[in-house]
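J.: So the chains spell out like this:
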Amino acid sequence: MRFLLPLTLAVTAFLCCPPAEALTNTSGPAVIHVSGRSVRFYYNRFLLEADGAVRVTTSQGMIVTGDAFSMDLKLNRFLVAGHVHVVNASGSQDGAALSDFLDYNRIYFVPIVQTVDASGRDPAVPDRWTFMNGDFVHPAKGREMPGDTFEFPDLGRSKPFLLAGAATVGARSYVRFEGNRIDLLNGLGAYVPTPSYYVNFSDNQHLGANSLAGASYDATYQFAGNANSISAVHLRNDPTNGTYLSFEQHVSGPKTYAVFSINPMTKPSKYFNLLLSDQPSDTFQLRTFTTFHTFQYGLSQPLESGQTTLIQATQALPHSFLQLSTTLTNYDMLAPKPEGYDGHGTLPNHPFSAQLNWQGFTQRIGKLPLYEAVNAGMGVQHDVFGLQQLGGVTYSSIWQHFAGLELFVPSLKIGNNPADTKNYYVNAAFQKNRTWNSSGHYTDTALTSGSLSRTFDRHFQSYIAYAVNNTGDYYGTMQNLAYPSYVPVIGGVPIYGYAAFAGFATFRTLSLDLTYGNGSNFSAYVLARKHNDFPKPVPGLFPAPPLNVIGQQQYPYYLGQPPYDLTLDVRARINAFSAIDIARTYYFNFGNQRWSPGFVIQVTQ
Amino acid sequence: MRALFTAAFVLLALLGAAPQSVTVTAQVLDYERGWLFITTGDGFRVAPDAAIVWGNPQTRDFARITFNAQGVVTRIETSHKPLPQEGDLAQVHQFSVALSPAAPNPELGAPPPGRCGHTRAGKRVGLTITVQVPPTTAATDSVYMTSDQSAWNAQAYRLDRIDALHYRTSLSMYSGTVLRVLFDRGSTQSIQLGQNGIEAKPYLLCIGDEDAQAFRVVVYRWGDEQSGQTQQIPQALPTPYNPAPFPNLPAPAPRPTLHP
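So the protein sequences, as listed, match chains U and S. Residue numbering for the first sequence follows the numbering used here, starting at 15 and increasing by one per position. Residue numbering for the second sequence follows the numbering used here, starting at 759 and increasing by one per position.
Chain U on its own, in the form it takes in the complex (with noise of 0.2 Å):
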């Protein structure tokens, strides 16, 4: 046990520090170093401005000095201004600005040239010179340039997001400062000094993949990266683990990508996540998830420790698709011990499972408005201690075949007026999904949904839906023996209603909801629901399903729901870089229950 946490540390530190790159590697994206008296980045507006005595190399192997630079890291060109000197491979020359477009290779510069007039004076005279393709030696001279070659941003009032002394920029990739101060309220100029910061705005998606649990507050403190990487601390705060520090690596390659995590890192109860993935063709992608998890505090002994593992493989094929996963789980890590470790329990199971499902398209009937999808496939789950007993067998193996359909209707246009705002739209959806147990058992899912949806100006929009979920676990003539009749009893009352309940329950869920949105600043949604479920919910009767950390229900039908719910949900922009999504529910008393029991808040950057 205690070699995986230097292990890990050693990994940690491998990914963590990436060399940084030579400023004449023209491998990868270019990379511009600036430096200056002052160096502004306007998160905002992808803006990088800096200046007095700026210095800019970049590396192509041209050094610009100036009084001014300004770069749009989205237009990925940059411009220098004021007393400019350019240093290249065919020499030097000053000038009053340079502007050079990375993506289409141009480079454009006011020098001032000194020539030599009739009667014998030198004057400075200036010109225009247009550098293509990196040819420093052949300006084309006097060429027409774009009018907004020199123009400078305007900034307006706006505050920066960061204040430092130099920068590195990875064209169209990163930009990365060191001994800097970062705007901790985000254009409130509230400036606290960090060691370094970088900002990936790649379009590289699998930089941005995180292996963290949800959290109500995340701030991401990324303090090192390049084209390839990113080391990020994140202060969080849930419900479930208050507030916390943890830390993530993200490494990622033109098919291949990876992303480790310690969540909470300053908690007891820790998680290292490894997410990994692999994709060497267009068809098929391997990925794998493994959680790690221990209780300890610091680096001391564990008083738990348990480890799961994802394998997932794709392989794409004509018109539908093959996956196979396997998950591999071991609760717990630490030597058996009867009384435990300081009052935590220790679990010998180490199931496996295995599903091999083939799924085919979406598929359009026809030329109705109807599509279908299909999948079945074949799995196994294991335990050596036994996963069900029935009839007074054990079962450590039950090998599974399951097969489903999905029938729908999108956007079904009741109506024929040209403004949209005048009609009404129908969409439905059936699927049905069954699986066989070699323990004597089959499972159907039934889930018939519609709705009825109406968008009455570009604000407010709503729509009725009424769902239907039928789910049945048939076990023929051990029925029975599975579900045993029975009446609870609840504070001393028989619940008689319960004796009906067999194994096969059908909830049944009617929603209103109306939302308003206003861009992407506000909106707002209200969501009333009622349950007509079988068995009916009695309070105190069916244990609560666990919540997640911020606590969403994480499943959309369970036994003992309430009947009636109401939902406000309120999401803001707070300023240019982060939202608030605060969220609850009102049960209308049930079971002495008013309100979900905290409200559901998020802080988005």
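I should point out that these hints are in silico values taken from the structure, not numbers from a laboratory. Note that CB positions come from ideal geometry on N, CA and C, so glycine has one too. You may find that some hints are simply not true.
[Stated by the list, open to error] Calculated lysine-lysine pairs in the BS3-like style (CA-CA distance at most 30 Å, straight line):
| id | chain 1 | residue 1 | chain 2 | residue 2 |
| --- | --- | --- | --- | --- |
| 1 | S | 839 | U | 155 |
| 2 | S | 881 | U | 173 |
| 3 | U | 88 | U | 269 |
| 4 | U | 544 | U | 436 |
| 5 | U | 381 | U | 446 |
| 6 | U | 446 | U | 351 |
| 7 | U | 269 | S | 881 |
| 8 | U | 173 | U | 88 |
| 9 | S | 881 | U | 88 |
| 10 | U | 427 | U | 446 |
| 11 | U | 173 | S | 839 |
| 12 | U | 351 | U | 381 |
| 13 | S | 839 | U | 436 |
| 14 | U | 281 | U | 351 |
| 15 | S | 839 | S | 881 |
| 16 | S | 959 | S | 881 |
| 17 | U | 381 | U | 436 |
| 18 | U | 427 | U | 544 |
| 19 | U | 446 | U | 550 |
| 20 | U | 88 | U | 155 |
| 21 | S | 839 | U | 88 |
[Said to hold, decoys possible] Per the computed footprint, the stretches of chain U lying under chain S, defined by three or more beta-carbons under 8 Å from a beta-carbon of chain S, are:
| id | stretch |
| --- | --- |
| 22 | 49-55 |
| 23 | 95-102 |
Following the hints, position chain S against chain U.
T.: Frame of chain U, contents of chain S only:
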């Protein structure tokens, strides 16, 4: 009467003889060696005795520039703040000095390559994004858009459910903006897959210069969907195998979920 005519004649003669001056406002690129450069890239000769008001022009400063009839700068009034627009910068381009004769640039006529090449940039455009989700999407699920504009934050833009199979959001963006987007259920594990089960490549969106723009997407499958298997989520070990399709049957109870 004669005196009046004489005065008018003298005034007209004086006005006609006075040198024609031109004044413009512009942002300063550089001021050195007797030259003033503005952000059009034009360089103008500054008269040795030019009046410079409010200090020497610095890069990024704004200036009110007066030219004499010969196109030489005779007065510069500087400001750190933008000045009201005055004069025509295209008109004073004739006064700019360049050593080499102007040569045409054939690249300027052609639209820039790329998806946004024909778009007039900088206009506020309403963008409506509608996503059709797979029927397996639970009624209580939230759907988000993740993009390269938000460092691929999986919860950057939340969409609102508008019916059983669709989510929608409206955004206001500048035309010419190019962004890559994907859709998810609030985590990077749930980011949409292609219909072939492989991770989808991001959609490339170019915000055009129409007043309003609509973007419709069909999501065939979420990344965290798995048929017949317990979903793996971070920060949790999987719950033990449950042979019953109900997660929360009453306990204790005679039921087939008994763990041996």
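J.: Each hint should be assessed against the structure and marked as holding or not.
T.: Here is what the structure says about each hint:
1. S/839 - U/155: 34 Å, violated
2. S/881 - U/173: Holds. Residue 881 of chain S to residue 173 of chain U sits at ~23 Å (cutoff 30 Å).
3. U/88 - U/269: Holds, at about 24 Å.
4. U/544 - U/436: 28 Å, holds
5. U/381 - U/446: Distance of about 23 Å is within 30 Å: holds.
6. U/446 - U/351: 45 Å, violated
7. U/269 - S/881: Distance of about 37 Å is beyond 30 Å: violated.
8. U/173 - U/88: 19 Å, holds
9. S/881 - U/88: With a Cα-Cα distance of about 17 Å, the restraint between residue 881 of chain S and residue 88 of chain U holds, given a limit of 30 Å.
10. U/427 - U/446: It holds: about 25 Å lies between the C-alpha atoms, which stays within 30 Å.
11. U/173 - S/839: Holds: residue 173 of chain U and residue 839 of chain S sit about 16 Å apart, inside 30 Å.
12. U/351 - U/381: 65 Å, violated
13. S/839 - U/436: 50 Å, violated
14. U/281 - U/351: Judged against 30 Å, a Cα distance of about 24 Å means the pair holds.
15. S/839 - S/881: At roughly 24 Å apart (the allowed maximum being 30 Å), residue 881 of chain S and residue 839 of chain S satisfy the hint.
16. S/959 - S/881: 28 Å, holds
17. U/381 - U/436: At roughly 25 Å apart (the allowed maximum being 30 Å), residue 436 of chain U and residue 381 of chain U satisfy the hint.
18. U/427 - U/544: With a Cα-Cα distance of about 26 Å, the restraint between residue 427 of chain U and residue 544 of chain U holds, given a limit of 30 Å.
19. U/446 - U/550: 23 Å, holds
20. U/88 - U/155: 28 Å, holds
21. S/839 - U/88: 26 Å, holds
22. 49-55: violated (count 0)
23. 95-102: holds (count 4)
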